[in-house]
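J.: Okay, here's what each chain looks like letter by letter:
4 protein chains.
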Amino acid sequence: MLAVQPSHYGYFGPVGTFTHQALLTLPPLRDEPTPYPTVGLALQAVRDGDVAAALVPIENSVEGGVTATLDNLTYGEPLRIVGEVVLPVQFTLFARNGTLLHDVHRVLTHPHAAAQCRDWLAANLPDAIITEGGSTAAAAAEVADPRSRFDAAICADIAGELNKLTPLATRIADNPDAVTRFVLVSRAGAVGPSTGADKTTMVLFMRDNHPGALLEILEQFASRGVNLCRIESRPTKRSLGDYCFSVDAEGHIDDARLAEAMMGLHRVCKDVIFLGSYPRADLTEPIIPHGTSNDDYAAAATWLQRLRG
Amino acid sequence: MLAVQPSHYGYFGPVGTFTHQALLTLPPLRDEPTPYPTVGLALQAVRDGDVAAALVPIENSVEGGVTATLDNLTYGEPLRIVGEVVLPVQFTLFARNGTLLHDVHRVLTHPHAAAQCRDWLAANLPDAIITEGGSTAAAAAEVADPRSRFDAAICADIAGELNKLTPLATRIADNPDAVTRFVLVSRAGAVGPSTGADKTTMVLFMRDNHPGALLEILEQFASRGVNLCRIESRPTKRSLGDYCFSVDAEGHIDDARLAEAMMGLHRVCKDVIFLGSYPRADLTEPIIPHGTSNDDYAAAATWLQRLRG
Amino acid sequence: MLAVQPSHYGYFGPVGTFTHQALLTLPPLRDEPTPYPTVGLALQAVRDGDVAAALVPIENSVEGGVTATLDNLTYGEPLRIVGEVVLPVQFTLFARNGTLLHDVHRVLTHPHAAAQCRDWLAANLPDAIITEGGSTAAAAAEVADPRSRFDAAICADIAGELNKLTPLATRIADNPDAVTRFVLVSRAGAVGPSTGADKTTMVLFMRDNHPGALLEILEQFASRGVNLCRIESRPTKRSLGDYCFSVDAEGHIDDARLAEAMMGLHRVCKDVIFLGSYPRADLTEPIIPHGTSNDDYAAAATWLQRLRG
Amino acid sequence: MLAVQPSHYGYFGPVGTFTHQALLTLPPLRDEPTPYPTVGLALQAVRDGDVAAALVPIENSVEGGVTATLDNLTYGEPLRIVGEVVLPVQFTLFARNGTLLHDVHRVLTHPHAAAQCRDWLAANLPDAIITEGGSTAAAAAEVADPRSRFDAAICADIAGELNKLTPLATRIADNPDAVTRFVLVSRAGAVGPSTGADKTTMVLFMRDNHPGALLEILEQFASRGVNLCRIESRPTKRSLGDYCFSVDAEGHIDDARLAEAMMGLHRVCKDVIFLGSYPRADLTEPIIPHGTSNDDYAAAATWLQRLRG
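Chains as they are written, first to last, in my numbering: chain Y, 1 to 309; chain S, 1 to 309; chain P, 1 to 309; chain B, 1 to 309.
Because the hints were derived from the structure by calculation, they are not lab data.
Ideal placement from N, C-alpha and C gives every residue a C-beta, glycine not left out.
Be aware that a few hints might be false.
To be verified - Partial list, computed: chain B residues near chain P (C-beta under 8 Å):
1) S186
2) G189
3) A190
4) P193
5) G196
6) E219
7) S223
8) I253
9) D254
10) G264
11) R267
12) I287
13) D296
14) W303
15) L304
16) L307
Said to hold, decoys possible - Facing chain Y, a subset of chain B residues (Cβ under 10 Å, in silico):
17) E59
18) G64
19) V179
20) R187
Turn these sequences into a full structure, and let the hints steer you where they fit.
T.: As structure tokens, then:
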């Protein structure tokens with residue numbers, strides 16, 4: 001253990017990214033958060049005890065799973081997800097103070113951002129030249145320089161604000177519903193208490209890749225009344241066609257139905273990696289099917305004990 | 001409780017029936033067994049404490065389930081199956097000492113026995129007159145009377161022997177593989193220890209009769225690796241199409257996989273009536289699917305406990 | 001084929017039984033129906049072409065399946081169920097004209113009827129002597145004789161009416177909801193048209209008795225959205241623990257979802273015995289799950305054909 | 001339709017990539033293949049009729065699915081997969097003629113290649129400076145220039161050969177089993193004939209995202225005896241937690257079991273996108289479970305037809 005517990009977060013940076021913005025929704029720690037240039041380095045900082053926890057993206061409603069995060073959590077030294085943040089992917093057009101929309105002739109941004117705002121740009125800045133650079137955060141910093149040849153940047157709000165830029169147009173992404181989900185990851189340790197609206201993340205390796213193996217796994221959940229919110233196959237890196245499954249299940253490891261499902265998976269799978277039980281960002285309480293509440297499980301255990309005499 | 005524990009068995013009589021013969025395969029109690037004229041009366045004698053236990057037929061490989069037994073165990077005051085006997089249904093042609101096969105012109109037996117020996121009779125006693133009476137045991141008693149107008153009886157060996165008759169032809173049933181299964185029933189109490197080759201009997205009432213309800217029940221067994229040896233639907237006596245299911249599962253209530261299946265059924269069913277865990281007559285040990293041994297269950301529980309921290 | 005088509009029904013008699021009463025609910029044929037003393041003889045009369053069709057009981061809401069009928073249809077020469085009748089099991093106390101209820105001291109009936117009216121008799125005729133004879137129909141005939149020493153008979157309405165007796169008390173069965181289901185059986189031939197509220201009866205023999213075999217069978221129905229109204233295991237008469245399943249499924253063999261399920265069963269079962277598609281007595285139309293209507297099946301076939309190019 | 005059918009392939013370039021190398025395993029067309037800078041542009045060239053077909057990567061045994069390919073095939077104008085190539089990801093260290101391994105001080109390659117050869121470089125060129133550039137193909141071209149300050153490139157064999165470089169060390173990837181799977185994509189049209197060792201790719205959109213929806217889909221395959229080789233969830237881009245599933249199933253759309261499964265999916269899914277049936281690269285014939293061969297399906301159809309009369 002560390003002599004001194006670190007008192008700051010790490011995150012997948014740089015400063016001014018969406019991950020940074022997502023981090024601001026968390027209860028702040030004493031010290032300033034530290035950005036890391038890759039997901040791997042942010043998670044390694046947790047393992048090394050350099051930060052109390054790190055925030056990294058895990059899933060995007062348009063792009064899908066973030067494989068760097070999924071694979072690092074699966075194959076790296078054990079860590080624990082302790083929370084999640086879901087953030088709308090909202091792009092804003094920022095400029096230096098005094099610039100008006102019709103003054104914008106040259107826009108700097110990242111290729112992803114350019115792609116996701118294509119329709120808005122075509123409709124509102126049809127004649128502007130769009131230049132794609134290395135990050136939206138860097139674009140904002142460049143535009144903040146009065147000597148810049150760029151008039152505006154497309155970036156996250158935080159990048160504009162950090163660079164004291166003025167928003168010219170907000171919510172300009174073509175898909176207004178796009179969101180990214182981030183997870184807060186700490187060292188493996190005790191699991192936080194159940195809140196009644198929790199999610200549990202795990203990775204399942206099948207004993208063999210026989211037909212019906214995935215069906216068998218899903219039935220372990222279904223027969224206990226546990227719903228899944230996410231399932232994603234990932235290669236095991238052994239051979240083509242050999243997959244493991246990253247899964248988010250509704251409920252907390254302290255819920256009897258999820259506990260029994262997990263023990264069932266432990267028995268039928270080659271390996272089950274528990275990545276944490278944590279409060280859901282959307283605070284949605286699970287629908288608990290008839291007969292699967294903690295009370296139902298306790299009553300069944302009492303009944304069995306009585307039968308055994 | 002009784003001041004004095006009864007020291008004899010009851011059985012579905014009369015003396016000389018197959019149930020009586022099956023009873024002789026059990027370890028004897030101090031006193032002579034008592035025959036009862038119906039299954040219901042034999043089981044009531046157990047409830048009333050008149051006998052230590054009663055042996056009654058529950059299933060025949062040709063006729064199917066014995067509904068009097070199934071329904072009494074389901075709807076009557078709780079009892080407990082503590083053992084089973086499987087007996088080949090072997091009929092023998094018995095006559096008075098001195099009678100030879102070609103002397104047999106008149107045969108007395110019960111209609112079921114006559115039906116099950118029809119081919120043998122046609123081949124071996126084509127000209128004999130077959131008379132059907134009330135029971136094979138009574139037929140033997142009648143033939144034992146030197147003044148009887150009948151030359152021979154078709155009955156169980158025990159009836160012939162009790163009446164000091166001589167076997168003229170054995171194993172004369174047309175279906176040589178027919179067997180009857182009997183269960184030994186005692187008052188509800190502590191369950192006997194697991195022997196490694198056990199069977200558990202229970203009755204399952206579904207919460208509602210929705211399509212797929214039976215599938216749901218079977219999945220409770222399958223997802224824990226528990227095999228069924230018998231499943232029989234019985235009407236719940238409420239309305240046509242409303243069934244309960246009498247089930248024999250491999251294993252003992254002390255086996256983790258069966259215990260979890262039973263708790264699962266307790267949660268999803270309207271009612272589960274446990275009728276006992278007891279040694280199998282055939283001493284066959286169950287095939288335990290990968291991941292479902294007691295050790296696997298214990299390892300899973302330990303793993304979960306460790307995760308919870 | 002017969003030179004002359006028979007123009008009357010057979011039924012499980014004698015005259016005056018519930019089966020006879022059930023027969024009267026059917027559209028009459030030209031000639032009087034013929035009673036047969038056993039289910040087997042009634043069905044054999046169909047096979048022999050002696051009757052156009054026979055009505056036999058198949059299931060009782062209290063007693064369960066009628067094994068004589070189930071086994072004869074399964075193992076005998078193929079027949080076809082073409083209709084069903086569901087009849088409340090209503091007992092009536094009949095006496096000779098002029099007898100009043102308080103005159104009744106001696107009652108004659110069949111043991112089943114006595115058992116099913118026990119509470120009513122205890123409450124209304126506490127001092128009467130109840131004698132159990134061979135059939136309720138015979139009891140009515142006996143009471144009809146002015147010289148009879150019996151004052152009343154418990155029997156079906158039809159038996160009272162045929163014997164010109166007077167009802168003293170109706171609906172005296174302790175379980176007012178008990179019903180018996182009868183099936184009308186003809187020789188195998190073309191199936192009648194779908195009515196939209198049909199039932200299909202079949203018997204399923206599993207290829208081997210492996211664990212999960214029943215689950216596999218049920219999934220053939222479930223995956224096509226076919227609900228079951230009845231499932232009953234019957235011994236195959238080979239060895240203990242070897243069962244076949246008698247099943248009633250909602251729908252008609254001309255319904256695409258049932259046809260596909262049946263073809264699936266034909267592929268996975270050792271044998272499938274089709275016993276007929278016929279209108280339901282309760283006229284209840286099935287709930288057709290999303291995507292399983294005939295139109296849905298036709299659209300899927302068209303889609304596939306188009307894909308194949 | 002085009003006046004002139006194009007007589008060359010397109011592929012995800014540039015020249016000298018693994019996709020290019022995979023393309024060389026296909027039967028050549030008359031004209032030289034055309035590289036495209038993105039998967040999207042390569043597939044668009046197919047749609048536009050500029051190329052006869054395009055080869056693009058779809059899956060890597062280490063990195064997982066290629067989302068650009070998966071999403072373009074799912075959401076773009078319909079295309080058809082007509083073949084696949086599986087290629088080991090083998091990196092080679094190439095240098096100009098005359099350079100020996102101990103002369104290598106500066107290596108140029110792409111970041112992915114550097115990462116996948118890290119252990120080999122540490123063991124064999126511990127003191128070399130590794131520079132990461134835009135593509136392995138470009139690295140080979142740079143090293144081919146005698147004035148280059150780089151001594152060697154890590155790239156695919158094809159890039160080394162095209163640039164007339166000399167291999168210094170082959171198979172230097174740390175994971176020797178890594179493979180990439182490519183698909184050959186043409187315009188939608190008639191499906192090629194079954195070869196007995198085929199694969200079918202499709203994308204499944206669930207009607208609603210209810211718990212158990214994935215289980216329901218998998219059962220459509222399982223109940224017909226169809227095995228899956230790959231299943232991958234992808235966001236539908238509507239909301240977080242709304243997925244579609246990209247699936248490779250064993251067999252050909254002309255196989256009865258797969259055809260019935262696909263029709264079943266068409267009925268229960270919101271949408272099924274058929275992406276093609278094509279010969280498997282590994283030539284592995286599927287295990288056909290009992291009762292699911294084309295003959296079994298044909299026999300079941302004949303049986304049903306006969307029953308219907």
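J.: Compare the structure with each hint and give your call.
T.: Now for the hints, and whether the structure bears them out:
A hinted interface residue such as S186/B counts as satisfied when its beta carbon comes closer than 8 Å to some beta carbon of chain P; here the least separation is about 13 Å, so the hint is violated. Annotation: G189/B was flagged as interfacial toward chain P, and the flag holds, the nearest CB pair being 6 Å apart, inside 8 Å. Among the interface hints, the one on A190/B holds; its C-beta lies about 4 Å from the nearest C-beta in chain P, closer than the 8 Å criterion. Evaluation of the P193/B hint against chain P yields a violated restraint, the C-beta minimum of about 11 Å exceeding 8 Å.
Taking 8 Å as the C-beta contact cut-off toward chain P, the hint placing G196/B at the interface is violated, the least distance being around 17 Å. The criterion of a C-beta within 8 Å of any C-beta in chain P is met by E219/B, whose closest approach is roughly 6 Å, and the hint holds. Using the Cβ-Cβ criterion of 8 Å, the hint placing S223/B at the interface with chain P is satisfied: the shortest such distance is roughly 4 Å. Proximity of I253/B to chain P holds as hinted, the smallest CB-CB distance being about 6 Å (cut-off 8 Å).
The criterion of a C-beta within 8 Å of any C-beta in chain P is met by D254/B, whose closest approach is roughly 7 Å, and the hint holds. The beta carbon of G264/B is positioned within 8 Å of a beta carbon in chain P (closest approach about 7 Å), and the interface hint is therefore held. Hint status for R267/B: holds, given a least beta-carbon distance of 4 Å to chain P, under 8 Å. Annotation: I287/B was flagged as interfacial toward chain P, and the flag is violated, the nearest CB pair being 16 Å apart, outside 8 Å.
The beta carbon of D296/B comes within 5 Å of a beta carbon in chain P, closer than 8 Å, and the hint placing it at the interface holds. The interface hint given for W303/B is met, as the beta carbon of that residue sits about 5 Å from the closest beta carbon of chain P, less than 8 Å. At a threshold of 8 Å, the smallest CB-CB gap from L304/B to chain P is about 5 Å, leaving the interface hint in force. With 8 Å as the threshold, the beta carbon of L307/B comes within range of chain P, its nearest partner Cβ sitting at about 5 Å, so the hint holds.
Because the closest C-beta pair between E59/B and chain Y is about 7 Å apart, less than 10 Å, the hint holds. Because the smallest distance between the Cβ of G64/B and any Cβ of chain Y comes to about 5 Å, under 10 Å, the interface hint for this residue holds. Among the interface hints, the one on V179/B holds; its C-beta lies about 5 Å from the nearest C-beta in chain Y, closer than the 10 Å criterion. Residue-level restraint check for R187/B is violated (minimum Cβ-Cβ distance to chain Y is 26 Å; threshold 10 Å).
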